[in-house]
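All chains, full assembly: derive it from the sequences and hints.
Each chain, written out:
Protein chains: 2
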Amino acid sequence: MKPLREASVADTPAANLLAAGRTDALEPMQLRTAAEQIADRLTAAIALGEFIPGQRLPAERDLAAMVGVSRATIREALGRLSSAGYVTVKRGRHGGAFVESGWGATSAEVVRRTLAENWEHYEQLLDFRQLMEPLIAGLAAARRDEDDLLAIQAALEAYRAAADREASRAADEALHVAVARATHNSYLVSVSSQVRMEVSLGFSAEPYSEAIRARAVEDHGELVAAVVKGDAEAASAISRRHFMLTASALEDAVRRARRETDGSTAR
Amino acid sequence: MKPLREASVADTPAANLLAAGRTDALEPMQLRTAAEQIADRLTAAIALGEFIPGQRLPAERDLAAMVGVSRATIREALGRLSSAGYVTVKRGRHGGAFVESGWGATSAEVVRRTLAENWEHYEQLLDFRQLMEPLIAGLAAARRDEDDLLAIQAALEAYRAAADREASRAADEALHVAVARATHNSYLVSVSSQVRMEVSLGFSAEPYSEAIRARAVEDHGELVAAVVKGDAEAASAISRRHFMLTASALEDAVRRARRETDGSTAR
DNA sequence: GTCTAATGGCCTAATCGTTAGACCTTTCAC
DNA sequence: GTGAAAGGTCTAACGATTAGGCCATTAGAC
Numbered sequence: 001m002k003p004l005r006e007a008s009v010a011d012t013p014a015a016n017l018l019a020a021g022r023t024d025a026l027e028p029m030q031l032r033t034a035a036e037q038i039a040d041r042l043t044a045a046i047a048l049g050e051f052i053p054g055q056r057l058p059a060e061r062d063l064a065a066m067v068g069v070s071r072a073t074i075r076e077a078l079g080r081l082s083s084a085g086y087v088t089v090k091r092g093r094h095g096g097a098f099v100e101s102g103w104g105a106t107s108a109e110v111v112r113r114t115l116a117e118n119w120e121h122y123e124q125l126l127d128f129r130q131l132m133e134p135l136i137a138g139l140a141a142a143r144r145d146e147d148d149l150l151a152i153q154a155a156l157e158a159y160r161a162a163a164d165r166e167a168s169r170a171a172d173e174a175l176h177v178a179v180a181r182a183t184h185n186s187y188l189v190s191v192s193s194q195v196r197m198e199v200s201l202g203f204s205a206e207p208y209s210e211a212i213r214a215r216a217v218e219d220h221g222e223l224v225a226a227v228v229k230g231d232a233e234a235a236s237a238i239s240r241r242h243f244m245l246t247a248s249a250l251e252d253a254v255r256r257a258r259r260e261t262d263g264s265t266a267r
Numbered sequence: 001m002k003p004l005r006e007a008s009v010a011d012t013p014a015a016n017l018l019a020a021g022r023t024d025a026l027e028p029m030q031l032r033t034a035a036e037q038i039a040d041r042l043t044a045a046i047a048l049g050e051f052i053p054g055q056r057l058p059a060e061r062d063l064a065a066m067v068g069v070s071r072a073t074i075r076e077a078l079g080r081l082s083s084a085g086y087v088t089v090k091r092g093r094h095g096g097a098f099v100e101s102g103w104g105a106t107s108a109e110v111v112r113r114t115l116a117e118n119w120e121h122y123e124q125l126l127d128f129r130q131l132m133e134p135l136i137a138g139l140a141a142a143r144r145d146e147d148d149l150l151a152i153q154a155a156l157e158a159y160r161a162a163a164d165r166e167a168s169r170a171a172d173e174a175l176h177v178a179v180a181r182a183t184h185n186s187y188l189v190s191v192s193s194q195v196r197m198e199v200s201l202g203f204s205a206e207p208y209s210e211a212i213r214a215r216a217v218e219d220h221g222e223l224v225a226a227v228v229k230g231d232a233e234a235a236s237a238i239s240r241r242h243f244m245l246t247a248s249a250l251e252d253a254v255r256r257a258r259r260e261t262d263g264s265t266a267r
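Top to bottom, those sequences are chains A and B.
If you're matching positions, the first sequence starts at 1 in my numbering and goes up one per residue.
If you're matching positions, the second sequence starts at 1 in my numbering and goes up one per residue.
Hints were generated in silico from the structure; no laboratory data involved.
Since this is a predicted model, take the numbers as computed values, not measurements.
Hints are supplied without guarantee of correctness; some may be wrong.
Claimed, not checked - Covered stretches of chain B (chain A as the covering partner; in silico rule of three or more C-beta atoms under 8 Å from a C-beta of chain A):
1. 34-43
2. 60-70
3. 86-100
Backbone N, C-alpha and C fix where the C-beta goes; we use that ideal spot for every residue, glycine too.
In C-alpha cells:
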C-alpha cells in the first residue's frame, strides 16, 4: 500500500537536527546514504530560499566538486529532488536543474495529509519558534555592534524591495539570519535557521497576501528600529507579536485543511 | 604531525546536532560511517550518564540487535570507544565493555589543549546554556501537570540520595530531563539534552566538591519548589543563578588550565 | 548553417563499508 | 572439569561510492 509517504514533502529532511524525539543511543539506526543526505541539504537550501524558483543549481560536476563527492552521487541526489518535484532538469548547453516554483508538483494534497498526520509535531515546532525568536530578538538588541546594524539594515532594505513572494521569502530569511547573527552566538543562529527550515518545509505554502506582506514589512521595520535603539524589551515584544500572528495564521490554514481532509478520507 | 586531535575527547561527537557553524548546503560533506555514528551515540550516552562508570554495556550481539546493525559494525564502534579510553573490554564469561571511570585514559592534558583551542566555541556553548535553561525552567513552572511534578520530585529525591560524583551526575541529568519534559515541548527537551551532552563532553571534569554539591542540592531544591508552586519568574531566576555559578566555575578552571598550557607550550 | 563548448545521460572497473554466518578462544560459575 | 556466555576472527557476498571515459543534446558563436 503506502499511498502517502513515498517522496512526500516533509519526508526527506525531517530526520534532521533538533529532531524532536531523538537518538536514545540504543534505538535502531537509520542508515542514510550520502545521496540521501545531499538531497536533504539541497531541499533545505531551497526551502530556505538559498535557491529561488527559476534559478539553476550549479552543474552536476561543479556540485560534485563543491560537496566533495562523486558525480554519480550528486546525480542520485538530484534524481530525488527531481522526482519529488522540487526541480526540473534540462539538458544541453546552459541546461541544469532548475528550481520549481509553486513547490507544487508534489501537490498541496500530500502536504495537507502529512501535516494533519504530524500535527502535534508542528504545534510544538511553532511553540518552540515563538519561544526562541523573541529571545533572539531581545538578545540581538542588547548585543549588536556596528557591523551587525549595517547587515540588518541592508537586509531590511532588501526585504522592502522584494518584488514577489519568492524574493520576499528569501529576503525574510536573510533578515532573520542577520538578526540572529547579532546575538553573537552561533548556537542561536543555528537553531533559528533550522526552525525556519522546518517550518518552511512543513508548511510549504506559508500564507501570503498583500495584506500579510504589508503587515510583515511594518513588523520588520519596528523590529529593526528596536534593535538599532538597543531596546531589548521592545525587540522581544515585537518579535513575539509578529510570530504569534504568523503562527495563528498557519494554524487556521491547517485547521481548515484538516477539516477538508477529515471530510474526504476516513481515518 | 598532528599531535592532538587524534581521538581527543571533544572530537568524536562534536559534529552533532546544534553544531554551531552548520551545513551550508554546498560545503564539503563529511561522510560518516555507521560505526562512527554508533560510536558517537554511545559516547554521548556515557557522557549523559546513561551508563555510569563500572557499568557493563550490553553484549556485542545484543547491541547489534538493538541498534539494528551487524556485529562487525558494533565491534568497530566499540573499538573506537575503547581506544579513546571511554571503555575497557574484557573477555570470557561476564566479559564485555565496561565504562571507564575518571574518563581519564585520554588524560586531562589533551582535554586542556582541546578546550583551549576551541575556547570561543565553549564560551558560546555556556552562553547558550545560560539562555536556554532559565527559559526552560520558567516554562516548566508554567506548564507542568501532575505527572510532571511526580517525576520531578522523584528525580530530586534521587539526586539528594546520590552517593558519589558519578551517581550525582546521572541524577542531575535525570532531574533536568524531568524539568525539560514539563515544558511539554520536545524541541526544548532535545536542545537542553544536547547542550548538557556537549558540556559534559567538552569539560570532562566538571568541577565537583562537597561544597559545590551542597550548593547544587540547595539550588535544585529551590528550583523544584518554584516549579511546584508554578512560579515561573522564580524558577527562571533560580535557574539563571545556578547556571551562572557553574559556568563561572568552569571558566575559572579553564582559564587556569590555559595559563598552564600557555606557559608550557608555544602555541 | 555549421561548429563548439557546456551540459546532462550512461557505462564500467575498482574500492570500501556492511552484512550474515560460522567458528575459535577465553573466562567464570557450578 | 564442564558448559555457557562472552569477545576474537574469518569469509563470501552485497551495495554504495568513486574515478574516469564516452555519448547525446542543446544554445550560442561564427
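When the structure is checked against the list of hints, which entries are broken? Sort them ascending. Of the numbered hints given earlier, the structure breaks just one, which is hint 3.
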